[in-house]
Amino acid sequence: MTYKRLSQPIDKIAIALITFLALIIGLLLWGGTTCDDDCIFHPGAKVNDFSWQNKIIGGEDRAFILTFNRPIDRASVEQNLAITPPLPGKISWSGLRMAYTLETPAPYGETYHLALAGARDRYANQAQQGDLIQPFTAEFRSRDRALAYIGTQGEEKGRLILFNWTQQQKSILTPENLTVFDFEPYPQREGFLFSATDVNQGETGIQGLQLYTVSTSWDIQKVNQNNPKVKLVLDNQEYQNNKFDLSQDGKTIVVQRLNRKNPHNYGLWKITDNQLAKLITDAQTGVFLITPDSQAVAVAKGEGIAVLALETNAQPIDFLPKFGQVLDFTADGAGAAMIDYHTDNPKLSSTQSLIYVNNLGIQKQLFNTEGSIQNCQFDPTATHLYCWLTELVKGDLYIEQPYLAKINLKTLQTETLVKLAKYQDSTISVAPDGLGILFERLGSTYPDGSPNNNTTTMKPSITKSNSIWLAIPNSSQTNATAMIVEQLPFVGFRPQWLP
Amino acid sequence: MNQLHIAFTLFLSLLVEAIPFLLLGVLLSSGLLFLIDEKQLITRLPKNPLLGSVVGSCIGFLFPVCECGNIPVARRLLLKRVSPSVAISFLLAAPTINPIVIWSTWVAFGNQPQIVIFRVLFSLAIAIIVGWVFSTQKDTRLLLQTSFARRFDSIIYSQSENTEGKPLLLQSGSFILDGGQVLPFNNSLLLDAGQNSAALKSKGQFFVDNLLQEFSELGGMLVLGSAIAAIIQVFVPREFVLNLGQDTITSILAMMLLAVIVSICSTVDSFFALSFAATFTSGSLLAFLVFGPTIDIKSIGLMASIFKPKIIIYIFTLVAQLTFIFTLTYSYFF
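In order, the protein sequences belong to chains Z and H. Numbering-wise (this note's numbering), the first sequence opens with residue 2 and increments by one. Numbering-wise (this note's numbering), the second sequence opens with residue 59 and increments by one.
Just so you know, not all the hints are guaranteed correct.
[As the list claims (entries may be wrong)] Residues from chain H that keep clear of chain Z, each with C-beta distances beyond 10 Å, as calculated: (1) N60; (2) Q61; (3) I64; (4) L68; (5) E75; (6) Q203; (7) F293; (8) V294; (9) P295; (10) I307; (11) I383.
[Unchecked claim] Keeping only pairs whose Cα atoms sit at most 25 Å apart, straight-line, the calculated DSS-like set for lysine-lysine is: (12) K368(H) - K13(Z); (13) K302(Z) - K262(Z); (14) K423(Z) - K395(Z); (15) K261(H) - K13(Z).
[As the list claims (entries may be wrong)] Listed next, the stretches of chain H that the computed footprint assigns to chain Z, with coverage defined by at least 3 CB atoms under 8 Å from CB atoms of chain Z: (16) 83 to 89; (17) 330 to 339; (18) 367 to 379.
These aren't lab readings, by the way, just hints derived from the structure by calculation. These numbers were taken from a predicted model, which means no experiment stands behind them. Beta carbons: idealized from backbone N, C-alpha and C, even for Gly.
Produce the complete structure using the sequences and hints provided.
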């Protein structure tokens, strides 16, 4: 009877297939239990994805994510995760994903190895110890440490020079006929935006400034070919191009321009996606800086700072009446360093204050001086602010003595890194990996007034031109126990680290 | 008392979730009665059993219904004399291989695209394999549940009789007299409107009649299925099932068991599965997402209205085995 009931073709094939599938299941289960490391598959847990695998990371890359393929014993991962050379960081979990946030940016020019072995999987309410995870190793690199400056000697004169510190390679990026005035690197190191005068056009000085881009290649073989492409972005036919700023996303350029025929026609222009320049505002504006979100520009306007959206005929999004200038934004845009010139208070009008403002509405006075605040830049972790400040030397003559200071934003403690004898225009460039500060010095003077209790290693300056210096403050971040100030073997000005 | 309350809540929530889809399925099924010409449908569908299964698996793109709504449509396809391989692969694939479910899975698992991709691939493969297995059975009636097979017979019979032009009253079967008109008893849902021009009812009336009958019949099964699912969920709590998952293999089995018990609709099951993403393997989540839409307690009742119990056992076993094989292999490699 039973046989008859199961005599249809469907019964035969279904039962045969069910038996066959049961055999396959048996094989799979047997394979899973007997499989060792040399198997084509790993039955235990493993790392499914590592977000920095073979990636070249920059200062803006602050966290990687490890994704596991099943529930994992978190403590065992935290204990067994090893990065060499070490990169201190904090671990946080979300489901099967572990995020590792670096405390400080990874030092540039290094190859890092990540290894995870000995961790175990873990299921809910699991009584015994879980299976061992498949050992995982991976590699990632940080960008080559590199700096750029405008040369002042020999064939480098007036040209943009790129020095790859890690590879110890120098290359001249711009042609001889262009005299570079200022430059900014693109955020992903694709190239530089620079202003320069063309010797062939005969106009020198600020009136002859045109904006160009130059591409850079980080492939060593291509660098050796040394064939950077220079492209004109903005000419000076109708307008004189005074200053420019490049947004952090590298997509927008803001230029302060003046009509060459009508000096009252003055304003801020923006260039996006290689389109023609468009006027943002025709108001008289001073120093300006694009906000880190690349959506607005902070402009000194009248007796305050206006934040204008990057659009034609922009209306102010915000107006900060108290401040006279924005010096720098933190990388995440949450904070800014500003100068208060005390124009509203006659008693204090001879002084300037450095104010830290953040998006929680906190305003903190960091510093008050009778001298001047020249230039400031946040360090990558936004815990310190590095500034060129001047000290008013008491006497008959009005003498300002510049010095480079490191200001702790929490404790407000100020430390002098370098003191210069004479006033000069000072630039500052804080390394994206926190290594140190690049600055230029005029003439052949020696650094004086080095901070007490700090050893200063110096090589004598032998040139009479601008020389480029590096200050490495003592900090846990750089593992430097004592501050180092050293002259680098370059002659030029506007030294800048590449992002 | 409290447990009764919980069971009632679960029962109602299952019903509320499923009834709109059942209604949609019944509407589609009643629509098919008029819209699709049987001869054209049969000539257009591929004769090859494997191709038939592939086509059947993809019909879900036209009828985006979940596992409650696809049963009336599958019934209608069988009554339209579509081969069982097409109907069964449609039955198994339609709840997953349709735009709404793929989209909702993507919304839930967008950061793990492999789950979305493998859910579709595994469901498709299972539907095609099981559909192809059923293509070996030439006599469709032997697959069907007795009362449904009788209806199936009567259609074939009434069609062949009608072509001979016999008066309706002289055909075999039970008939009633309604206001002087002759109507086959309880068979409105089986007849084809195109061939039933002899019937005096308007097409609209016919559509509504079919709709009501199918809905009441399948709705009854759904109520029963939901009640059983709710009771089991009270006596076998989710925590108990989840605690069964202690390694790769048991976690797949636990999630398959959970899928059967919770009987959650395929349109929303991805969000339910997402809540286990941190505690279960992605292979076991896939098992839940592949197995759940094809087999669950709630829809077994509905399937019982079409197929013989042994056929349901075959389908259930094959789908369960294939799901386990696919998802365990996935676990080993991903």
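Cross-check of the supplied hints:
Residue placement check: N60(H) keeps its beta carbon more than 10 Å from all beta carbons of chain Z (closest about 24 Å). Under the 10 Å C-beta cut-off, the non-interface status given to Q61(H) relative to chain Z holds; the minimum distance is some 23 Å. I64(H), annotated as away from the interface, keeps every beta carbon of chain Z farther than 10 Å; the closest lies near 22 Å. The beta carbon of L68(H) sits about 22 Å from the closest Cβ of chain Z, which is more than 10 Å, so the claim that it is off the interface holds.
Residue placement check: E75(H) keeps its beta carbon more than 10 Å from all beta carbons of chain Z (closest about 26 Å). With a minimum CB-CB distance of about 15 Å to chain Z, Q203(H) clears the 10 Å threshold, and the non-interface call stands. Consistency note on F293(H): stated as away from chain Z, and its beta-carbon is indeed over 10 Å from all of that chain's, at 20 Å minimum. Under the 10 Å C-beta cut-off, the non-interface status given to V294(H) relative to chain Z holds; the minimum distance is some 16 Å.
Against chain Z, the non-interface label of P295(H) holds: every CB pair exceeds 10 Å, the least being about 14 Å. Under the 10 Å C-beta cut-off, the non-interface status given to I307(H) relative to chain Z is violated; the minimum distance is some 7 Å. Not every beta carbon of chain Z lies more than 10 Å from that of I383(H), the smallest distance being close to 6 Å; the non-interface claim is violated. Between K368(H) and K13(Z) the alpha-carbon distance is near 13 Å, which keeps this suggested pair within the 25 Å criterion.
Our distance criterion of 25 Å between C-alpha atoms is met by K302(Z) and K262(Z), whose separation comes to about 23 Å. For the hint linking K423(Z) to K395(Z), the alpha-carbon distance of about 14 Å falls within 25 Å, and the restraint holds. With a C-alpha separation of about 44 Å, the suggested pairing of K261(H) with K13(Z) is violated against the 25 Å cut-off. Taking a C-beta to C-beta cut-off of 8 Å, the region 83 to 89 of chain H contributes 0 residues in contact with chain Z, too few for the three needed, and the coverage statement is violated.
Counting residues of the region 330 to 339 of chain H whose C-beta lies closer than 8 Å to any C-beta of chain Z gives 5; at least three are required, and the coverage claim holds. Remark: the region 367 to 379 of chain H is confirmed as covered by chain Z, as 6 of its residues place a Cβ nearer than 8 Å to a Cβ of that chain, reaching the required three.
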